[in-house]
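> Following the hints, position chain B against chain A.
As they're listed, the protein sequences go chains A and B. With our numbering as the guide, the letters of the first sequence map in order to residues 1 to 547. With our numbering as the guide, the letters of the second sequence map in order to residues 1 to 359.
Hints are computed from structural coordinates only; laboratory data are not their basis. It cannot be assumed that every hint is accurate.
[Unchecked claim] Partner residues are not named here, just some residues of chain B that face chain A (Cβ under 8 Å, in silico):
#: 1; residue: Thr97
#: 2; residue: His109
#: 3; residue: Asn112
#: 4; residue: Phe117
#: 5; residue: Glu119
#: 6; residue: Phe123
#: 7; residue: Tyr134
#: 8; residue: Gly135
#: 9; residue: His137
#: 10; residue: Pro184
#: 11; residue: Leu188
[What the hints assert, rightly or not] Simulated crosslink set (DSS-like; lysine-lysine; CA at most 27 Å straight-line):
#: 12; chain 1: A; residue 1: Lys456; chain 2: B; residue 2: Lys164
#: 13; chain 1: B; residue 1: Lys130; chain 2: B; residue 2: Lys164
#: 14; chain 1: B; residue 1: Lys110; chain 2: A; residue 2: Lys456
None of these values were measured; they are calculated from a predicted model. C-beta atoms are modelled at their ideal positions from N, C-alpha and C, and glycine is treated no differently.
Read off the chains here:
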Amino acid sequence: MTRRVGWTLAGALPLAFLGIFFTWPVATLVARGFFPDGVFTLAGFQQVFSEDRTWRVIGTTLAQAAAGTVVAVLLGVPGAWVLHRTRFPGRWLVRAVVTIPFVLPSVVVGVAFKSLVISTGPLGHLGLDRSFAIIVASLVFFNYALVVRTVGALWASLDPRTEQAASVLGASPTRVFLTVTLRALFPAIASAAALVFLFCASAYGVVMVLGGAGYGTIETEIWFLTTQLLDLTGAAALSIVQLVVVGASLIVANRLQATQARAQRMRTDSSNESPWRFRRDIGPTLLTAAVVLGLLLFPMSTLVIRSLTTASGLGLDHYSNLATTGGGTLSVPVWEAVGNSLRTATVATVLALVLGLLVSLVVSRNPRNELGRRGLGLLDAAFMLPLGVSAVTVGFGFLITLNRPPLDLRSSMVLVPIAQAIVALPLVVRVLLPVLRAIDPRLREAAAVLGASPGKVLRDVDLAFLTRGLGLATGFAFATSLGEFGATSFLARPDEPTLPVVVFRLIGRPGLENQGMGMAAAVLLAVGCALVMALAERMRPEEATTW
Amino acid sequence: MVNDAGAGLGVHDVTVRYRVSGNDQRYTTPSKRPVITWVPPKRSAAGEVRTVTAVDGVSLDVAPGEVVALLGASGSGKSSLLRAIAGLEPLAGGRITWDGKDLHGTPTHKRNFGMMFQEPALFPSLTVGKNVAYGLHQVPRGRRPEIVARFLELVGLPGYEGRKVTELSGGQAQRVALARALAPAPRLLLLDEPLSALDRGLREHLVEVLGKVLRRTGTTAVHVTHDQDEAFALADRVAILADGRLLQLDTPDALWRRPASAEVATFLGYSTFLSQVDADALGLGGLASRHAVALGPESLTVDPGGLQVAVREQKGRRGYVAVTVQLPSGQQAELRVPDRIGTATVGVRTDADSVAVMG
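Just chain A, with the same shape it has in the complex (with noise of 0.2 Å):
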């Protein structure tokens, strides 16, 4: 008895937590649409809708993630085959090369594409700054990673014997690749694809950064007319409308990433990788080269050498300004924000674990009735909205129900690492929710059986399990934390900005001293997150396979 006692408490806690900083902002949000001034009214999305803005807006947004979809998976596929289907010398160091836009805040590959393109850039003569094209390089080169993990990692698997079944039919290589490869990697392709599609929407550092507030996507134009028009209704209308493309595509990425897992059990285990070859090879490589060199490579040394580059040649003025307040274009010194930065990704990611630990070992019961089962799955599937729902509307939703009692927390430091808690929490659960369901139920009987009482095989079993899991839990959440830029540039207090605040301020400025400024604040932060990262890369257990 006291046990059920304890184990509804720990999933009555995150729960509470979940309805009070995630369901009640979001669903006010929502209200707030429909019922503007306590009476339900369309006139809000009537207004919103005739307007040729709104239009442009989500036109942009949609054609903006088709754009970096497409491309995205026309440059993975064959990415995935060099990196993964074929052996060269070297081939870790450009692996890892591609695995790190992933990891990097989007404010920061936001400053780096926008590093080539500012007049001084070297790109600055193509008159590409703020244009759709630069935008979508950005977005692909954040998740060209994706794509080629996702396919490679399906292409290095697939039993060879279907294509040299194929090739022994007489088909051509062409033939086999398109008859037979092809469909066999369509599941990993498609769900990519719908993630792809996912992230390219839902887009907002990158797009503040380059785009500017005059560009407008459905994420950026929300944060238009909340903050610059106080235009709350129709901020709310246009947050249904994203809640609307961000479900879909998230429903679809599911349904696709469903059939993979089916995909999946006809791989074999041996790895079927074969030497680098001229004639097959040569093709993809060059492709691949030019992608890793021009894209991924050009704009982050571009970012590095500009934040090295002063008035008076190379030197470290723009990181010695970091201890300054920029000749008062911030509030505080970029120090006092890295600090700020730190603080609050400390406590986000405490609040992630602790919370992000409950539900998985909530979750991951195995109760013998037919309710409770289906009550965990709800569980389960409740952790998973954050992910749903884009960091602006939860940082709008916080914005206009924690400002008044029962619970004023705006003027309080704590609604940002809340935030930053509420977007790491899902990804804390997927890490660890796999590593609980890999134990062996046949363990915890063992246990009990030897005499450890239910609170002993907890911690003999469960927990002895969990901590492999918690080094890669702890690192994304970290990570998330401190580059989360969405809610946080809603929520961070003018005098207490955090790094990736700081790093927009200053982009966004005009003069080298800003602009040298921010890109030294820019390499600051993406060396943080990635150092955080490789630190959790290095403790991923082997239950969390891919993303």
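Frame of chain A, contents of chain B only:
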């Protein structure tokens, strides 16, 4: 049949039921889903939930120091009964007692039983020695290494304390599991097909190890298996289960000679039930008029002066030839001979000690 005041284990009219539904994940293979996305769990359709009676009113007892085998095909309920004895499954009816005291309300970890599973289920984060010592939390810390060493030696793995469990072979891991189960000196050892996942040669070797260890430690044990040789080799008494019911509980010899029913006889491999005509022809007419009599594969022996029967089919086997012969009534029976028979008929005989006598 079961004496309430009797020492040892008592199983009284025990029933175990499962509710089976589509999304029971208790023993499915672990999911290796990608981390970032979430796939909703499968919902079971309304009619999919059904109740299965795995154990249906079984009563038996196990005296101290005795080894009882639960023998049955898969799905006969033998593992469910074992798990119910361990307290891992709730009872839908009946009682389980130890020394006459009802164990209802005593959780698994307070029963002081040991258990071995089909898989070793060793704790992967602990060394071999720590695994064996896991159940010794009642024993003073200083005495534990000596006990661990003694039991590792008993199972033939002396000096393995410091090994990682991931370095062990399947047979070694199962032996460590045996040492782990025995080290706390459980009052009852439950063996849930501990050898069935191993290959044949290893299995035969470990049956010997297990038999030797059980005898030397004088352990009371319930041994679940679907392997008749294993059951007959290890057990003092064998319980035959089918469809959740107990068909017969007896010593191996009695079981083999006098199966309680045709069902038990068939399960033990007796395939030919003699008609009166055939019994008369084989000289067992008197016996067959009072009891049902069945022939097993080794009941008939070649005797040129015996009953002449037609040879129908001969199949080569490992070390012998299985010959199908036709009895006078037209019914067929099996005969084992070292070499193929060259003639169309063969003389056979049998006696009352070589056949199964039922009822």
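> Confirm or reject each hint.
Hints, one by one, checked against the model:
Proximity of B:Thr97 to chain A is violated relative to the hint, the smallest CB-CB distance being about 18 Å (cut-off 8 Å). For B:His109, the suggested interface contact is upheld, since its CB lies about 5 Å from the closest CB of chain A, less than 8 Å. Because the closest C-beta pair between B:Asn112 and chain A is about 7 Å apart, less than 8 Å, the hint holds. Below 8 Å, beta-carbon pairs count as interface contacts, and B:Phe117 has one with chain A at about 5 Å; its hint therefore holds.
Annotation: B:Glu119 was flagged as interfacial toward chain A, and the flag holds, the nearest CB pair being 6 Å apart, inside 8 Å. Proximity of B:Phe123 to chain A holds as hinted, the smallest CB-CB distance being about 6 Å (cut-off 8 Å). Taking 8 Å as the C-beta cut-off, the interface hint given for B:Tyr134 holds, the closest approach to chain A being about 5 Å. With 8 Å as the threshold, the beta carbon of B:Gly135 comes within range of chain A, its nearest partner Cβ sitting at about 3 Å, so the hint holds.
Below 8 Å, beta-carbon pairs count as interface contacts, and B:His137 has one with chain A at about 7 Å; its hint therefore holds. At a threshold of 8 Å, the smallest CB-CB gap from B:Pro184 to chain A is about 7 Å, leaving the interface hint in force. A cut of 8 Å between beta carbons decides the hint on B:Leu188: the least distance to chain A is about 10 Å, and the hint is violated. For the given pair, A:Lys456 sits about 22 Å from B:Lys164 by alpha-carbon distance, which is consistent with the 27 Å threshold.
Taking the CA atoms of B:Lys130 and B:Lys164, the gap is near 10 Å; set against the 27 Å cutoff, the hint holds. At most 27 Å may separate the alpha-carbon atoms for a hinted pair to count; B:Lys110 and A:Lys456 meet this at roughly 13 Å.
Hint compliance for this structure: hints 1, 11 are broken, all remaining hints hold.
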